[in-house]
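**Q** Here is what each chain is made of, one letter per residue.
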Amino acid sequence: MSKLGSLGARLHRGEISYDFVGKRKIWYGVSILITITAILGLAVRGLNMSIDFQGGAVFTTPNHMSTSVAQAETYARDASGHQAVVQKLGNGSLRIQIAGVDTAKSDQIKQTLAKDLNLNPEKLAADLVGPSWGQEIANKAWEGLAIFMVLVVIYLAIAFEWRMAVAALVALIHDITITTGIYALVGFEVSPGTIIGLLTILGYSLYDTVVVFDSLKEQTKDITKQTRFTYSEIANRSINGTLVRSINTTVVALLPVAGLLFIGGGFLGAGDLNDISLSLFVGLAAGAYSSIFIATPLVADLKEREPAMKALTKRVMAKRAQAASEDGPVTAGGDDAEDAAPAVVGPRNQSVSRGRGRGRQAGKRR
Amino acid sequence: MAAERRPGAERPEREYEKVAAPKKGRSASAQSKPGRSLALILIAIVALTGGMFVSGHTTPRLGIDLAGGTSITLKAKADQGSAINKANMDTAVDIMNRRVNGLGVSEAEVQTQGTDNIIVNIPRGTNSKEAQQQVGTTAKLYFRPVLASEPSGAAASPSPSGSPTVGSSPKPGSSSSPSASSSQKASSPGTASPTASATTQGRAVTDALKAGSSPSPSATPTGGSSPKPTPSASGGTDTAKLQAAFTALDCSKPDDRAKAGNNAKPGDPTIACGKIGKGYYKYLLGPAAVDGTEVKKAQAVFDTQGASGWQVQMTFNSTGAKKFADITGQLAKNQAPQNEFGIVLDGEVVSSPYVSLAITGGQAEISGSFTQQDAQSLANMLSYGALPLSFQEQSVTTVTAALGGEQLHAGLLAGAIGLALVVIYLVVYYRGLSLVAMASLVVSAILTYVIMSLLGPAIGFALNLPAVCGAIVAIGITADSFIVYFERIRDEIREGRSLRPAVERAWPRARRTVLVSDFVSFLAAAVLFIVTVGKVQGFAFTLGLTTVLDVVVVFLFTKPLMTLLARRKFFANGHKWSGLDPKSLGGKPPLRRTRRPAGPAAGPVDPKEA
Numbered sequence: 001m002s003k004l005g006s007l008g009a010r011l012h013r014g015e016i017s018y019d020f021v022g023k024r025k026i027w028y029g030v031s032i033l034i035t036i037t038a039i040l041g042l043a044v045r046g047l048n049m050s051i052d053f054q055g056g057a058v059f060t061t062p063n064h065m066s067t068s069v070a071q072a073e074t075y076a077r078d079a080s081g082h083q084a085v086v087q088k089l090g091n092g093s094l095r096i097q098i099a100g101v102d103t104a105k106s107d108q109i110k111q112t113l114a115k116d117l118n119l120n121p122e123k124l125a126a127d128l129v130g131p132s133w134g135q136e137i138a139n140k141a142w143e144g145l146a147i148f149m150v151l152v153v154i155y156l157a158i159a160f161e162w163r164m165a166v167a168a169l170v171a172l173i174h175d176i177t178i179t180t181g182i183y184a185l186v187g188f189e190v191s192p193g194t195i196i197g198l199l200t201i202l203g204y205s206l207y208d209t210v211v212v213f214d215s216l217k218e219q220t221k222d223i224t225k226q227t228r229f230t231y232s233e234i235a236n237r238s239i240n241g242t243l244v245r246s247i248n249t250t251v252v253a254l255l256p257v258a259g260l261l262f263i264g265g266g267f268l269g270a271g272d273l274n275d276i277s278l279s280l281f282v283g284l285a286a287g288a289y290s291s292i293f294i295a296t297p298l299v300a301d302l303k304e305r306e307p308a309m310k311a312l313t314k315r316v317m318a319k320r321a322q323a324a325s326e327d328g329p330v331t332a333g334g335d336d337a338e339d340a341a342p343a344v345v346g347p348r349n350q351s352v353s354r355g356r357g358r359g360r361q362a363g364k365r366r
Numbered sequence: 001m002a003a004e005r006r007p008g009a010e011r012p013e014r015e016y017e018k019v020a021a022p023k024k025g026r027s028a029s030a031q032s033k034p035g036r037s038l039a040l041i042l043i044a045i046v047a048l049t050g051g052m053f054v055s056g057h058t059t060p061r062l063g064i065d066l067a068g069g070t071s072i073t074l075k076a077k078a079d080q081g082s083a084i085n086k087a088n089m090d091t092a093v094d095i096m097n098r099r100v101n102g103l104g105v106s107e108a109e110v111q112t113q114g115t116d117n118i119i120v121n122i123p124r125g126t127n128s129k130e131a132q133q134q135v136g137t138t139a140k141l142y143f144r145p146v147l148a149s150e151p152s153g154a155a156a157s158p159s160p161s162g163s164p165t166v167g168s169s170p171k172p173g174s175s176s177s178p179s180a181s182s183s184q185k186a187s188s189p190g191t192a193s194p195t196a197s198a199t200t201q202g203r204a205v206t207d208a209l210k211a212g213s214s215p216s217p218s219a220t221p222t223g224g225s226s227p228k229p230t231p232s233a234s235g236g237t238d239t240a241k242l243q244a245a246f247t248a249l250d251c252s253k254p255d256d257r258a259k260a261g262n263n264a265k266p267g268d269p270t271i272a273c274g275k276i277g278k279g280y281y282k283y284l285l286g287p288a289a290v291d292g293t294e295v296k297k298a299q300a301v302f303d304t305q306g307a308s309g310w311q312v313q314m315t316f317n318s319t320g321a322k323k324f325a326d327i328t329g330q331l332a333k334n335q336a337p338q339n340e341f342g343i344v345l346d347g348e349v350v351s352s353p354y355v356s357l358a359i360t361g362g363q364a365e366i367s368g369s370f371t372q373q374d375a376q377s378l379a380n381m382l383s384y385g386a387l388p389l390s391f392q393e394q395s396v397t398t399v400t401a402a403l404g405g406e407q408l409h410a411g412l413l414a415g416a417i418g419l420a421l422v423v424i425y426l427v428v429y430y431r432g433l434s435l436v437a438m439a440s441l442v443v444s445a446i447l448t449y450v451i452m453s454l455l456g457p458a459i460g461f462a463l464n465l466p467a468v469c470g471a472i473v474a475i476g477i478t479a480d481s482f483i484v485y486f487e488r489i490r491d492e493i494r495e496g497r498s499l500r501p502a503v504e505r506a507w508p509r510a511r512r513t514v515l516v517s518d519f520v521s522f523l524a525a526a527v528l529f530i531v532t533v534g535k536v537q538g539f540a541f542t543l544g545l546t547t548v549l550d551v552v553v554v555f556l557f558t559k560p561l562m563t564l565l566a567r568r569k570f571f572a573n574g575h576k577w578s579g580l581d582p583k584s585l586g587g588k589p590p591l592r593r594t595r596r597p598a599g600p601a602a603g604p605v606d607p608k609e610a
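Those protein sequence lines, which keep their order, are chains A and B. Position one of the first sequence corresponds to residue 1 (our numbering), numbered consecutively onward. Position one of the second sequence corresponds to residue 1 (our numbering), numbered consecutively onward.
Bound-form chain B, shown alone (with noise of 0.2 Å):
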């Protein structure tokens, strides 16, 4: 722009040509555009603050250190025969935060972090305790009476023959009479206590939907031993509240689906969806009748005998054996669907296989037309409750509110004083020029601020502790990307060039710099991201993004300010607070007469101005 505008001006352009760098094409287009990067930098800069106001994000997320609240790292142990592998810890990911969020806290966020390690982040205010206990457990698998159930949604076919058989297994003689079975858990209220309550909320809910399928007799008895009086008094409310979700219940929905059946407790009825074949199901499940830890082993076998191929093998502990024979008792002797059990996995029903004969013996085996696949998972599911693996406690850190908003002033009060420092630091030593370092810092802050601040709702990023650190380092690495090039600015100024042809001189250089050591700074940032865990992580990331941000401040901005600022006479002339006095640098004069014609104004201003 300048060569254009002054013929004066072209000589020294030309010299720089001549004499400089290799990348003379490039260096000249970008010396001659310098409005239009400052331009793009500043659309980008309000166009980001925008979004940032736009989205009501306007201050980054805090991390659990700093806004308190509690901080769990599991870490998946490798031996339970299923690998540690993105899918399986992708489904964790998935049912730890059903559990979590199912506890009312809405905030939690469970995340993987590395290959085998999940974080689990519960904002205070929440039971952590709770939430600990919830989210590591591997079983949560429940076995409940079916007491309704109906296609939902628009896609799916009414296909009652997609639902499997539960039959015996190998053992045979396994035919005990249901009133027997009954007996047996009236006689032992202790351990069948969700049972018994169960059956009798199983009853009222069987009673309100009389009209629609078969009443079962044999629910109805042992409902009348029941122990608890609390759940039947309440129970006529209860279930025609649940009896209208059920009904409102549309299983198509995905939101419907992941909020069906939350903070269902064991021992209430509860509605839940299911996908059986290509659509999905809904069902009005009982009480559970069998706790998911108390299936000892399950597996996926070949059926080599029978026709039915694949299908699960489970083996039930006693006291699971023993519930297991009362619920298939009494399921067996119902119709349709009503003969069906639900097979409930953190309140999404698996399987629900029908059952045609009490299964005693603790032996069962689940039939249907499975693929391998879905035997497998099924059978997975079955042994590790939903956890596709087992997890192991790595580290619980719960940090009060009061604390957490002490590290945060600590962490900011030191970014204050360290960024304080370098200021001063470089106003002493760079004058004039600290104005384009300051400038060209103050941008960085605002991108890193507000860059932070949207990632918090785009991909989850939290700032803590560890990540403020990183951005206080990175307040050096940025200025460090002036210091080059101011260095070497001087550096043509002490050679005797005048500041305009300086500055586009020293900047091919500077600008190679930049970047080869930006680069080595973003691989350590990017190899410790990927590579580690926890803290690390954090910090890794924020200076990853910070060197990148240098990288942009540097080109989009500090260059071009740095172009513009060639033209004010304060700099160009080298005001002694300009830092780019060329005396005080020691500048050899021959070179800089032969431009003093460059720039007309030059000499005789100079007095004025000092």
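Chain A with its partners taken away, still in its complex shape (with noise of 0.2 Å):
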């Protein structure tokens, strides 16, 4: 833990600090390849869609079935008359899935099922679902999202500025696109529990971005008042200053999710618990990678286009070459940031000796 806690304290110093604003480019790069691979997987492969899109049937048996999965196929073959697909999951039970049969006709299914299987047929669990049941709640998730994306560009720009709501929402649909690409890619079955676990990290994917645009707006507020650095430098020591809190945001997320994920696919073999867990587990990811390597750089890009920006970074520029030139010491034309300025005055240089003192506790503590 201290390794971190230091790590955390050295890149609150700015002592070691990753140039994210700076090579954006490469990050950018890297986001739109992906992008374009999850469209192209997405428009090529196409997503699984489960069963709750073509309407069918599930039907799951009670644990310990003696029944092959071979055999259990051929009793749903006959009752339905469809293709059925039956899984055997980890505690023994079976999940049959049939496609293309509507409500009415599943329940005679699930009586012919019940005695094939040598089963009470109150003893069957069924999910019978009807052609547009997936369609409808795909469609109100659609609605939910849009609704959703316009109400948080609004409140964004109101508690933030325009660029930073833009820049969260470009974050958003790319975490989004990269999750379904993933979908498609991998082939993972998109249920309305998928639905679920995407529309969630709309929400959480958002809450780390806001994260970091909540130090940088700090950070930021008198930033026409100093001479010192540029917008794109304090942003980046905004983003390496809440680093080490976005990386246990994003452990402690994970966390549970892989526990769900863990029992959801383990445990139950399928199910809700493995849709939701699994799509909130890509998306989380790519959640904390974007607001790290995408949101934040877009926002210091579409910030140094305005005047004043452009004026103040030719300004430090300026500063910093005759600063050069004179060879002398750096004095501020004035505080960046209130919260900054300890930190700029404090010795930067005494960071080897504190890390030793450091180093001897650690020792001594195991």
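Do not rely on the hints blindly, as some may be mistaken.
As the list claims (entries may be wrong) - Simulated restraints on C-beta separations: (1) B:A416 / A:N48: 29 to 37 Å; (2) A:N48 / B:I84: 46 to 54 Å; (3) B:A83 / A:K221: 36 to 44 Å; (4) A:A70 / B:A416: 52 to 60 Å; (5) B:A39 / A:G46: 54 to 62 Å; (6) A:S68 / B:T319: 50 to 58 Å.
What the hints assert, rightly or not - Under 8 Å between C-beta atoms, here's a sample of chain A residues computed to sit facing chain B: (7) R45; (8) V129; (9) E136; (10) F148; (11) V153; (12) I154; (13) A157.
Simulated from the structure, these hints should not be mistaken for laboratory data. Computed from a predicted structure; not experimentally measured. Virtual Cβ for every residue (Gly too), placed ideally from N, Cα, C.
Join these two chains into a complex; the hints should help.
**A** What follows is the structure, encoded as structure tokens:
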């Protein structure tokens, strides 16, 4: 921990930093590449839609069935006249999927199937879905997505500024595209549960982005009153300053989801838990990436186009050139963000000795 | 509080005010009363928990997918001319509720979801198949002959003028003789079987009523030719029971109204309530003579020729026409109120027009002192049965109790694993601070659990699998608020502040970040909850609830707790297990040195603690 803790300290003081903003072109490139791949995957392979989108029936038998998968498939085919997909789940129960039957008919199928499998029909869990149900959920989800995006852009534009709103939106679309793309490429099944997970990413991806933006806003409050840093540099420092938090947030968010995925995938084999957690897992990872590598650099890009910021950059550059020619110590023309003031005054060179002190402590601890 | 008690502590305090944040007043006052906030939230927890135990709902109500049962999702279809609006949906929900609960399941629930979906949840142990058939059926409308009726309840004004008339529609020459119609019926027992058996019982009831009302001679001969011996055998006791129930029925009571006529089979006589004008009437009704499905069409028209104003015209299909001719033929010979037939919708009499002559030809009109609205709603009911809309089954999910239990088990296990992982991570990373985080998570968990339990009976909230998922995901969101705050505190310490000012100085910024990000999260949950249907909604609800609770817990618990802990030496001196050790965090000494005098006990105690 203390390694991360001291990493946090050094990131905070700016001793080490990764130039996220400066190297943004690389990351934009990476993202564009991923996005294109995702879109290609979607176009070529399409999504593997679950039975909820075609209409049909899913039957789940009690645990420890002696019937074999092949046998159950035959039973299901005989009962329905359709091809059936049978899975054996981790707990020994069978999951029988029959596509393309309507709800009225699936009732009969259930009775026949129960008889074939030597079960009481009431013991056979059934999920009978009309052909438009999945579509309905998907449509509602799209509707929700659109409303949410509009609201969130308005909110961010008010709470922060429109550039941040735009950048957050781009990051959001980026996350969703990547997640659906991965679904298309890997061939995971898309069920209503997947859509739930996808929708949750909305909130989460933005949540992460918003925290970075919040720090950015704070640090750039009085940006025009100083000539030490350009907007991009401060933006980069915001990312680095919140990096530890971003990592922690993502880890803490991913851990429970990983628990869900493990249980949902390993224990139950299939179902809502699995679907939700899988899309969450993929989406959360994409969200953490985009808020650091895409959203903030994008804000910096947009911001640097502003005349005031262009002027600032010019002033900063001029000042630096002058300082370099004088070869004198950097005396601030004004404080940058008030919060950063002490950090700048602080002795950067001492970090080595402090690092050693920490090392000793760590040694003593174990 | 600290500033007041110890003179030494005032300096960092001032310092903080000078250097830092804009919202001095608020944060200073918040800081000065950490005990009050803690007391507040503890009282809230105790009160809520007490409420939970008092109400007797100590566990959250489980959804169908966790408890087992059948869940049916129906979608309204907009092809009937009646609009899908809130009023119509509510009516449909009411009616379905009556039907499902009429099956003898008291815990079935029917709710609208979104704008055009209705979810019917039927707990296990019910005949799900029958329920499924009952729910979506449009027409549960019967025409039953009235055997007796009287005003019921104090509010009822005895004005029989309210009952409308049935006349034959434009087509004249409808006056077929009553005897003909009854012989017709006898000759075709197949189609008219409900009618035939009906009449048997009808007679029995009528006999029982003889004292009060005039006998109906026309019913007697037909009754004799009844092919069903069973009802007449048991008829005696049944009739007596029914008669007693009729006498006891008080239609001014909503409870009685709801119960009256439940479980009535079309072939049996029944009792029912009806609201005619402003008062309630109770009815003793014969077996169904015509089924609502046999009405082909009904519409409200304004009678431009006659003076009858708004009226309802209905057209029967061929079997309906025949049956209607029979029943009106019989009724026309009777005296009031036995010349009336009740139009019974799901156990409630919506209209009881009287018949003056037999109506053949399958066309009839009901006229009375209708307003346009009355006429239209009656016409709607006649055409579409009880439901103002027709519905399509979207999904039917039957979960066995075993599978439900397993899913619940898996959900809880996943939650436990997730929570354990988060706790381990927090302990490793934040050391002593993780105690604060864990205490806050526990408070959050208790609040979530208690509120979920209370929301079960209050708004019908049921914990389903996606909702469990939402709660698990929310662990991350909740923990993140602490992370934001802790990282802020650590940043302050890195800048050389001692803990107490660091805690206070970090708060306004952390607070803003938490509020902004939680708002976004809540916005997502709210939009999802309003827009979507089914499983997504349950998920969104828990997510929204936990987000709100997160804000409550951070404000009223985590922050005050942090303020209090900052006074403990263990944390204030930055013990290396506290997670706030300035050295391991890489804090700067200069500022800290000036703070030293602030905590007099600070220096000397340090070695002892280590």
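**Q** Now tell me if each hint is right for this structure.
**A** Here is how each hint holds up against the structure:
1. B:A416 / A:N48: 29 to 37 Å: For N48 of chain A against A416 of chain B, whose Cβ atoms are near 31 Å apart, the range 29 to 37 Å holds.
2. A:N48 / B:I84: 46 to 54 Å: This hint is violated: roughly 33 Å between Cβ atoms.
3. B:A83 / A:K221: 36 to 44 Å: violated (53 Å)
4. A:A70 / B:A416: 52 to 60 Å: Given a distance of about 37 Å, which is not inside 52 to 60 Å, the answer is violated.
5. B:A39 / A:G46: 54 to 62 Å: Taking Cβ atoms as reference, A39 of chain B and G46 of chain A lie about 58 Å apart, which means the hint holds.
6. A:S68 / B:T319: 50 to 58 Å: holds (51 Å)
7. R45: The hint is violated - R45 of chain A has no Cβ within 8 Å of chain B, the shortest such distance being about 25 Å.
8. V129: holds (5 Å)
9. E136: The hint holds - E136 of chain A has a Cβ within 8 Å of chain B, the shortest such distance being about 7 Å.
10. F148: holds (4 Å)
11. V153: V153 of chain A check fails; min Cβ-Cβ to chain B is 11 Å, beyond 8 Å.
12. I154: With Cβ-Cβ at 10 Å, over 8 Å, it is violated.
13. A157: violated (13 Å)
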